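Engineer: Here are the chains, one letter per residue:
Protein chains: 2
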Amino acid sequence: MNNLLVAQSGGPTAAINATLAGILQGVRASGKIDIVYGARNGIEGAIKGQLIDLNETVSDTRAMDALTYTPSSALGTCRYKMKDWRADEAPYKKIIETFYKYGIRYFIYIGGNDSMDTVDKLDQYCRINGHDFIIMGAPKTIDNDLNLTDHSPGFGSAAKYIATTISELAADIGAFDLPAVTVVEIMGRNAGWLAASAALSRINGGAGADLIYLCERPLDPGKFLSDVREKLSRKSGILVTVSEGVKNSEGVYVSEHTANGAVDNFGHKYIAGAGRALEQLVRHEIGCKVRSVELNLMQRSAAHIASETDIMESMMLGQKALGCALDGETGRMAAIRRLSDEPYRVEFTSVPVCEVANHEKTVPQEWITPDGTDVTEEMISYLKPLIQGETNIKFKNGIPIQVKLY
Amino acid sequence: MNNLLVAQSGGPTAAINATLAGILQGVRASGKIDIVYGARNGIEGAIKGQLIDLNETVSDTRAMDALTYTPSSALGTCRYKMKDWRADEAPYKKIIETFYKYGIRYFIYIGGNDSMDTVDKLDQYCRINGHDFIIMGAPKTIDNDLNLTDHSPGFGSAAKYIATTISELAADIGAFDLPAVTVVEIMGRNAGWLAASAALSRINGGAGADLIYLCERPLDPGKFLSDVREKLSRKSGILVTVSEGVKNSEGVYVSEHTANGAVDNFGHKYIAGAGRALEQLVRHEIGCKVRSVELNLMQRSAAHIASETDIMESMMLGQKALGCALDGETGRMAAIRRLSDEPYRVEFTSVPVCEVANHEKTVPQEWITPDGTDVTEEMISYLKPLIQGETNIKFKNGIPIQVKLY
Numbered sequence: 001m002n003n004l005l006v007a008q009s010g011g012p013t014a015a016i017n018a019t020l021a022g023i024l025q026g027v028r029a030s031g032k033i034d035i036v037y038g039a040r041n042g043i044e045g046a047i048k049g050q051l052i053d054l055n056e057t058v059s060d061t062r063a064m065d066a067l068t069y070t071p072s073s074a075l076g077t078c079r080y081k082m083k084d085w086r087a088d089e090a091p092y093k094k095i096i097e098t099f100y101k102y103g104i105r106y107f108i109y110i111g112g113n114d115s116m117d118t119v120d121k122l123d124q125y126c127r128i129n130g131h132d133f134i135i136m137g138a139p140k141t142i143d144n145d146l147n148l149t150d151h152s153p154g155f156g157s158a159a160k161y162i163a164t165t166i167s168e169l170a171a172d173i174g175a176f177d178l179p180a181v182t183v184v185e186i187m188g189r190n191a192g193w194l195a196a197s198a199a200l201s202r203i204n205g206g207a208g209a210d211l212i213y214l215c216e217r218p219l220d221p222g223k224f225l226s227d228v229r230e231k232l233s234r235k236s237g238i239l240v241t242v243s244e245g246v247k248n249s250e251g252v253y254v255s256e257h258t259a260n261g262a263v264d265n266f267g268h269k270y271i272a273g274a275g276r277a278l279e280q281l282v283r284h285e286i287g288c289k290v291r292s293v294e295l296n297l298m299q300r301s302a303a304h305i306a307s308e309t310d311i312m313e314s315m316m317l318g319q320k321a322l323g324c325a326l327d328g329e330t331g332r333m334a335a336i337r338r339l340s341d342e343p344y345r346v347e348f349t350s351v352p353v354c355e356v357a358n359h360e361k362t363v364p365q366e367w368i369t370p371d372g373t374d375v376t377e378e379m380i381s382y383l384k385p386l387i388q389g390e391t392n393i394k395f396k397n398g399i400p401i402q403v404k405l406y
Numbered sequence: 001m002n003n004l005l006v007a008q009s010g011g012p013t014a015a016i017n018a019t020l021a022g023i024l025q026g027v028r029a030s031g032k033i034d035i036v037y038g039a040r041n042g043i044e045g046a047i048k049g050q051l052i053d054l055n056e057t058v059s060d061t062r063a064m065d066a067l068t069y070t071p072s073s074a075l076g077t078c079r080y081k082m083k084d085w086r087a088d089e090a091p092y093k094k095i096i097e098t099f100y101k102y103g104i105r106y107f108i109y110i111g112g113n114d115s116m117d118t119v120d121k122l123d124q125y126c127r128i129n130g131h132d133f134i135i136m137g138a139p140k141t142i143d144n145d146l147n148l149t150d151h152s153p154g155f156g157s158a159a160k161y162i163a164t165t166i167s168e169l170a171a172d173i174g175a176f177d178l179p180a181v182t183v184v185e186i187m188g189r190n191a192g193w194l195a196a197s198a199a200l201s202r203i204n205g206g207a208g209a210d211l212i213y214l215c216e217r218p219l220d221p222g223k224f225l226s227d228v229r230e231k232l233s234r235k236s237g238i239l240v241t242v243s244e245g246v247k248n249s250e251g252v253y254v255s256e257h258t259a260n261g262a263v264d265n266f267g268h269k270y271i272a273g274a275g276r277a278l279e280q281l282v283r284h285e286i287g288c289k290v291r292s293v294e295l296n297l298m299q300r301s302a303a304h305i306a307s308e309t310d311i312m313e314s315m316m317l318g319q320k321a322l323g324c325a326l327d328g329e330t331g332r333m334a335a336i337r338r339l340s341d342e343p344y345r346v347e348f349t350s351v352p353v354c355e356v357a358n359h360e361k362t363v364p365q366e367w368i369t370p371d372g373t374d375v376t377e378e379m380i381s382y383l384k385p386l387i388q389g390e391t392n393i394k395f396k397n398g399i400p401i402q403v404k405l406y
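Chains S and L are the protein sequences, given in the same order.
Numbering-wise, my numbering puts 44 at position 44 of the first sequence, and it's gapless, one number per residue.
Numbering-wise, my numbering puts 378 at position 378 of the second sequence, and it's gapless, one number per residue.
Keep in mind the hints are simulated off the structure, nothing from the lab.
All values reported here derive from a predicted model rather than from experimental measurement.
Cβ coordinates follow ideal geometry from the N, Cα and C atoms, glycine included.
Hints are supplied without guarantee of correctness; some may be wrong.
Not everything, but these chain S residues come out facing chain L in the computed CB check (under 10 Å) [unchecked claim]:
no.	residue
1	71
2	72
3	76
4	206
5	226
6	297
7	298
Just chain S, with the same shape it has in the complex (with noise of 0.2 Å):
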């Protein structure tokens, strides 16, 4: 048997679905499949062996357009972390188990950071004990920190989301003629990209924000205060945006409560409120009306307001994954090169995802501007080809149609 299993992994997003989708593509163009199924709930699927035929449930144009748009992991996710196999055997064996019960031959896994550390553990696995399996990874994070491509899919569409609800709360909050500091709180632990989509909100030359700090750059609170001052001496409502991992000099996070300590799968501390506590010094020390707004879950999950250049570029990986794992290619991932900024042109191809995996892409030094509050003009050519476009979404009853594939 030549069978394909696929699998998704960690924080869903608006454009994973169209990776799978380009997936099931590829493998109708290619021939060469005999069954696709898909993993439920990520890696721990292939470990308990909960496969869906997925030959049979996307089987016409219509579900796969629909599949395209939907938001978030449509086979279910996980936050997996695998063991190191010298430590921990059993899930590894037990993978290659649901391989040979399910012919699997080709395995490919949407993911990551942390995902493409499960595919180059177990390519090693594989490779080591002798199992024939080809194990290939297809990128996936809005977060945009992934190593060695130049861009992740599912970062175009949340920065096109912060971009254009940027310049809406900016429309808001510029309505009024009052004295107004609004916070938003954007998601990004220890890479600042999708704060520094908010400077999007710009681009037609109206309102947006008015500050924006990254967690790449320390924030001090001194230099904070003033910078708002500074700022509300000029204009009236003023929109601040933060990463949500910005950290003062000392490297300590500003949110000042990390809620109960805790820590997820993979030891990330959890954090929330940098926004919070920006909103309750500018209380405390300026005394004007103050808010904090996060753009939280949605920020990843609005498939209605996705960018066709994201989604588009995220099929693409997906055939580009399939096609590498149908030559043979294993233990690398599916990646965009940039050719070219204006007119924007890229090619995809594959890298060996051992560099990919525990490495994180931070935003260059010199694409913050020199105070902190801003990116530069680079900064804008780069991220500016990535949210363009809209899709061609479908809705029924006045909500966009998804799909769900359990």
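Go by the hints and put chain L onto chain S.
Structural biologist: Relative to the frame of chain S, chain L by itself:
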């Protein structure tokens, strides 16, 4: 001179500029107005004599189209409370002075409850003092709490944003195979219409809000926890929506913190945190993963997902308010009368503004299910037509085009 003054007031919406555009279109069609002025920042602009000549600023159809789809109040807004003229006549005199100075014969005020109070007082003042001005209201409020109109401009777009967003959040939350509760706080101080529209997230049979609590029904913490536990026993990720103004059986707001006891100009208490309070309750009493999400300003400013039905009706109400004014009606508000749900048919009419001002239309108890965790089919039939259709909003450089009039 036969001039018209228009102003916008209160909280911005995604449809208030459509009403302004409707008025401007009506002006051209009628040929009965010499100059249309806009007052900056609502009635404050009329008091201060800060007017904008709108004949020049919105001169072609493209600009008119952009105005229609621009969120927030393009003329600026205010939360200015007119005192009774017997207590403070000065602002009334200044408004009348502005009217004479600019040759204003007609004044249309686009706003909600409090703005209709201004229309009512100003109309009475003119009548009593023998000023022959025409004072009309055009409705606007995402809260949908205006009396004597089937629904209010801005509400349908907010409801479409909420229904869409909740369906997207449900997709996100449903992808994880872990017990988790997400509490979404939706605007609505005394009226639960917006929170009710979360029920439309399930209109196509997909996942959506699992529990819906409106501010019209007291929320008992013990009952709430047992509702959540019951849902959690049947599915892993559950989504709760709640009106910001929900109270317990003693009439005390569920939100633990009423930010500094702040009160706005109309004496409304500033409320924040019903969602956060319920999040804390679940964390302490159930102990599973829990988060709260506030739809915050996004729900009133998300023009990119506005309801075409809402935008069209908002334009028509602007035209209706103008038509009534030209017919000599004064002290009245343009309104919508529903003729049928399916097919959806309405007619535009006018109602006495004194019966709108300072009234609040809340959700009927019989449209809430007996257990208080959902809405009935009657509510769905009422809400469904209001979110139908997507607008023809134009994008440039990846974000929606906006206009600003000053």
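Engineer: Hint by hint, note whether the structure agrees.
Structural biologist: Against the structure, the hints:
Taken as an interface hint, residue 71/S checks out: its beta carbon lies about 5 Å from the nearest beta carbon of chain L, inside 10 Å. With a cut of 10 Å, the hint placing residue 72/S at the interface with chain L holds, because the nearest CB-to-CB distance is about 4 Å. With its C-beta approaching chain L no nearer than about 5 Å, residue 76/S sits inside the 10 Å limit, and its interface hint holds. Taking 10 Å as the C-beta cut-off, the interface hint given for residue 206/S holds, the closest approach to chain L being about 5 Å.
Look at residue 226/S: its Cβ only gets to about 24 Å from chain L, farther than 10 Å, so that hint breaks. The beta carbon of residue 297/S is positioned within 10 Å of a beta carbon in chain L (closest approach about 5 Å), and the interface hint is therefore held. The beta carbon of residue 298/S comes within 6 Å of a beta carbon in chain L, closer than 10 Å, and the hint placing it at the interface holds.
Consistency with the previously given hints fails for number 5 only.
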